[in-house]
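Residue numbers (numbering that gives the first Met the number 0), protein chains in the order written: chain E, 0 to 342; chain D, 0 to 515; chain V, 0 to 359.
Take the hints with a grain of salt, since some may be wrong.
[Claimed, not checked] Think about it this way: if two alpha-carbon atoms lie no more than 27 angstroms apart in a straight line, the pair counts; the simulated BS3-like pairs of lysine-lysine are:
(1) D:Lys328 <-> E:Lys334
(2) E:Lys334 <-> D:Lys329
(3) D:Lys371 <-> D:Lys382
(4) V:Lys248 <-> V:Lys157
(5) D:Lys257 <-> E:Lys132
(6) E:Lys96 <-> E:Lys170
(7) D:Lys424 <-> D:Lys257
(8) V:Lys157 <-> V:Lys59
(9) D:Lys170 <-> D:Lys324
No lab work stands behind these hints: they were computed from the structure.
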Amino acid sequence: MSTATLHPSQESAATRVVQTLLRSRELAIVIVLALILVVATTRRSSFVFSADGWRDTLLAPSILLLLAVGQMVVVVTRNVDLSVGSTLGITAYATGKIFVSNPETSVLVVFAAGLALGAVVGALNGLLVTVFKVPALVITLGTMYVLRGALTHEVGSDRMTAGDYPAHFEKLGNQQVLTIPVLTIIALVVVALVGYYLHTARGGRELYAIGSDPDAADLYGLPSGRRVLGAFVLCGALAGLAGVFSAARYATAFSGTGSGIELQAVAAVVIGGVAIFGGSGTVWGAAIGAFLLVTINRALPILGISEFWQGAVVGALIIGSIVLDRVLSIRRTHKLVEARDHA
Amino acid sequence: MTTATGTEGRTAPTLELRSVAKSFGAVAALRSGTLEVAPGSIHALVGENGAGKSTLVKIVAGVHRRDSGVFRLLGEDVDFGSTADSKSAGVAVIYQEPTLFPDLSVAENIFMGRHPLGRGRRIDRTRMYDESNALFARLGVTIDPRRVANGLSIADQQLIEIAKAISLDAKLLVMDEPTAALSGNEVARLFAVARSLRDEGRALVFISHRFDEVFDLCDTVTVMRDGAYVSTHLVAETTEAEIVSRMVGREVAELFPKTPAAIGDVVLDIQGLGSTGEFHDISFQVRAGEIVGLAGLVGAGRSEIARAVFGVDGYDEGRVTLHGKAVPKKQPRAAIRAGMAFVPEDRRQQGLVIEGSVARNIASVIRGGLAKGGLLTAAAENKASAPWASRLQVKTSALDMRAATMSGGNQQKVVIAKWLATDPKLLIIDEPTRGIDVGTKAEVHRLLSDLAGQGLAILMISSELPEVLGMADRVLVVCEGRLTADIAREDATPENVMAAATRSAPTAPPTKEPVS
Amino acid sequence: MSTATATEARTYPAYSRNLAARLLLNREAAVIVGLVAVYLYAMGNVPFFDGPLTIFNLSKEYAPILLMALPMTLIIITGEIDLSVASTLGASAAITGVLVVEHDLSLPLAALVAILVGALLGALNGFFVAYVGLPSLAVTIGSLALYRGLAEGLIQDKRISGFPEGWQDWPTERIGTSQYPNILIPIAVLVVLFALLLHFTSFGRGVFEIGLSDEAAHFSGVNVARTKLVLFTLSGAVAAFAGVYVALKSNSVATDTGNGFELKVIAGVLLGGVSIFGGRGALHGVVAGVLLIAVLNSALQLDGQGSEVIQIIIGLLLVGSVIASNFLPRIRALIPRRAAASTTAPQTPATGDETRKVSQ
């Protein structure tokens with residue numbers, strides 16, 4: 000290898016990292032998140048600085064974190080999965096079923112069952128999308144209703160309640176290690192693992208390539224079908240895990256559990272700077288987006304806005320984020336083209 | 000195994016194609032492709048646009064599957080179902096049109112799917128950037144491997160494609176017009192790399208329209224015409240004239256029958272047109288009865304100028320007037336109303352609604368006037384489009400046939416018919432005969448000549464120098480977004496046009512072929 | 000290869016297939032046959048399906064779906080999608096309810112305000128899609144949440160009811176002594192108007208062209224952005240009109256009014272033969288598609304099935320129709336191609352085309 004080009008790149012490594020960080024879209028959301036936390040805390044100090052407030056600040060986003068990570072992996076391949084809410088409902092209920100049949104079941108078994116059940120649903124979506132080459136939006140809109148219908152058919156007006164879940168499972172929902180909730184720790188580990196994979200593994204980079212230009216990916220000979228299928232399986236598995244989380248945290252499950260949360264997952268991803276047309280964005284961004292979304296919803300009443308406006312805030316954030324990203328990307332392209340002009 | 004021995008080499012040829020055929024629906028893109036490339040040689044593949052070269056390349060690359068014929072690699076029968084198959088068999092292809100991932104870094108574009116790995120199978124980015132820099136150093140260019148591919152010039156994109164192909168360490172490297180957008184220096188470096196690859200015993204296929212490049216670089220040359228194999232020659236034993244006559248199958252002069260026409264008043268007047276990153280300070284006029292040729296390298300900004308004039312794109316400065324009236328910017332509708340017609344470069348994406356019917360395509364611009372009381376019927380469209388289809392001798396069994404099922408030449412006739420139906424004052428035509436068979440090509444040229452004779456002003460963009468020299472009353476040359484020459488018909492030569500197009504040593508015509 | 004030198008005038012037949020083939024061999028005809036078959040089966044086998052209330056109830060329930068499916072057809076033909084229609088319906092119902100019940104505004108005035116707001120909400124979607132260049136999927140997922148949020152913010156946890164007598168009943172009263180409610184009158188008018196707009200105007204041709212290739216449409220002078228803005232605005236206005244109707248029909252408005260209707264609308268449109276990729280479809284197919292879902296719904300209901308079964312079936316129909324419209328043509332396209340592969344002689348463009356056309 001030529002050494003002439005080696006030196007400059009190593010010297011500037013540290014500066015480059017700092018520069019990338021400062022310019023990153025993720026930092027912008029972190030600042031917004033911090034601002035909201037500060038304002039809400041000055042209004043009511045217990046928002047963060049109380050045992051319950053601290054726990055809720057960290058615990059509340061854990062379910063959406065999982066969904067956002069899974070959704071991000073699908074979105075980066077230029078697809079979307081709207082069925083995650085239904086998957087979550089199914090596994091939340093199935094978790095209860097498992098415990099009803101055997102209250103002594105290990106938590107690990109339940110986690111594995113949730114992941115597996117979700118992965119099956121994800122594989123179904125992924126196969127439909129990759130084999131038939133039809134838009135994921137319509138397919139997953141369809142499976143979202145089919146699965147929700149199936150769940151309702153099975154459950155009826157039945158409801159899993161606190162009594163159906165054993166104490167050791169319910170305790171997990173509120174358990175903390177060094178004041179940090181266990182569910183949040185697990186979710187953050189998932190964020191880290193998936194983020195690491197997307198950044199450092201060939202397969203992860205290929206997901207970006209497929210989303211950036213699917214035709215070029217085919218010309219390049221990338222295994223697009225397999226990768227997209229994998230993304231859906233991961234997304235489904237994480238939605239399944241989120242269902243187990245939901246059961247642990249709320250100790251309840253019924254036919255409507257998780258209904259509508261798919262929109263929040265998409266919102267978190269988009270707010271986190273992941274391009275809805277694939278190819279760019281990070282898992283960290285999606286995770287921070289999820290944190291921001293949940294925190295805003297919790298902070299609204301404190302900021303003097305009725306909780307009934309939560310839905311509108313979510314919608315406005317989605318649209319605002321994609322408009323912002325669009326404007327930024329136009330400016331960036333313009334700059335690159337201009338730079339070419341003066342070269 | 001170091002020099003070319005022609006087609007009778009003793010070792011098994013790296014690539015062997017015999018009577019390979021491929022049709023798309025009703026259109027036979029390749030009827031009988033034959034090509035034999037020996038290891039340690041550079042083999043030129045030449046032929047006119049539409050001769051089937053790109054289809055042949057795509058079969059070798061695994062993009063398309065052949066319908067019939069023999070396809071051997073290193074003596075073994077192969078049948079690639081995907082580009083991944085061809086890649087793993089040791090084939091690297093540089094396509095005519097760069098296909099990069101816009102969101103990813105330059106280095107990742109080179110190494111996607113085969114990133115250098117470090118400990119724990121994690122991507123070693125430092126090594127990836129270093130290897131990218133080394134590849135660029137070998138090509139003698141500097142491109143930051145860390146920047147995103149989005150916003151790169153066509154030349155830079157092509158260089159990245161070349162770096163990618165070289166890095167594949169392939170046994171067979173196919174280059175489909177890699178030099179169309181490159182400068183003289185970059186071409187020289189590319190050739191040096193190609194020769195060193197040949198000397199390592201690899202086989203290279205080089206597609207180009209520039210004969211000086213073919214004669215400079217290649218050992219053997221195969222000629223194709225109309226989707227079929229014509230002949231193979233040792234470069235040392237043939238001449239440019241022989242190759243040209245085999246490519247064309249007739250005398251060149253016959254192809255360009257522009258007859259002198261009375262030049263009238265100024266129709267199109269462009270003053271100081273500029274668009275950031277595309278072109279600058281463009282001023283020229285086109286008169287009634289005049290054909291103005293716009294020549295230059297691919298990516299020089301010719302099509303961008305045409306698009307801005309017609310209003311499909313905006314521009315930042317300058318003005319466009321037609322018959323003395325200002326044409327508002329970025330409004331194709333207004334340009335059409337003012338009397339402009341635009342046959343764009345990409346027929347399948349821009350010129351036609353390719354999945355639409357012949358009748359709807361021909362009537363698509365004039366249909367507003369066909370409506371009675373606001374209501375438009377298919378019968379009215381059919382009635383209005385039939386005479387135009389007939390006048391241009393469009394070959395179709397019925398007016399409701401999809402344009403996609405027709406040959407390139409017939410599609411182009413439909414596009415021209417659509418615009419002639421608007422009774423335009425100015426016709427802008429970008430690559431009028433790209434991807435068209437020889438017979439239709441002559442028809443199109445005769446038609447343009449007739450139209451000019453009837454007083455139509457024509458602005459013709461073409462990458463085929465003979466076409467420009469044969470058809471244009473005046474040749475404007477664009478280089479890197481600026482007009483560099485305005486040459487009258489009688490003074491125009493291949494040498495002075497190319498010199499203005501490259502601002503370097505004169506070379507033979509650059510041309511580009513559609514992805515078919 | 001064409002080397003035409005003759006210049007005599009050619010004549011062309013207008014169509015490559017005869018009238019019967021053109022009318023019968025397409026998706027629309029298949030859906031209509033399916034609709035008739037399901038209807039006849041239900042008449043014979045489902046108890047009470049042949050009763051006097053079936054058609055009446057079915058029309059009443061599916062009127063808003065059919066209404067929203069009309070502009071949705073045009074939007075999907077351009078290759079876009081509007082997921083926010085049900086939320087716009089909900090917002091419009093909420094506005095109507097709040098204005099009439101809480102502010103004593105007259106119903107026609109309140110309805111007018113609601114429809115104007117609906118048009119505005121639609122135009123906002125259209126602006127982002129057409130002029131900012133955002134994907135409609137992302138924009139309307141956002142406005143799906145935003146417009147539903149508006150309804151929630153407006154009426155919060157209340158349930159608004161008590162519309163003034165008289166107006167409230169008009170949409171659901173029968174036309175004369177027929178089985179049909181009054182709402183079918185404006186629906187019939189709108190169906191005709193949208194059919195004319197899509198199939199018999201230059202604007203409608205532009206809609207198809209945008210769906211097949213928006214670049215080619217742009218290059219032939221079609222104002223792509225304005226066309227999309229108009230369609231999204233129409234979608235918002237019609238959804239709002241449906242919202243007023245739903246408020247009156249049920250004499251009550253809650254935050255979840257019309258929740259999930261977008262699925263039925265999109266399912267009806269796609270089932271009716273409109274391609275999700277844009278560029279093909281016909282309005283009569285969509286009407287048949289929505290009616291097919293309506294008849295299925297009503298038959299299953301009378302058969303004692305719960306709403307979740309209907310939900311499952313609609314979801315399956317949605318997935319199935321998308322797969323069918325994309326997958327079956329590809330399978331059929333393989334057949335002529337194989338035939339072509341066995342002949343080495345180049346084909347003239349005239350042969351082979353017919354088989355391909357039929358396979359569309």
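Please write out, lowest number first, the hints stated earlier that are contradicted by the structure.
Hints 5 and 9 are the ones this structure does not satisfy, whereas the remaining hints hold.
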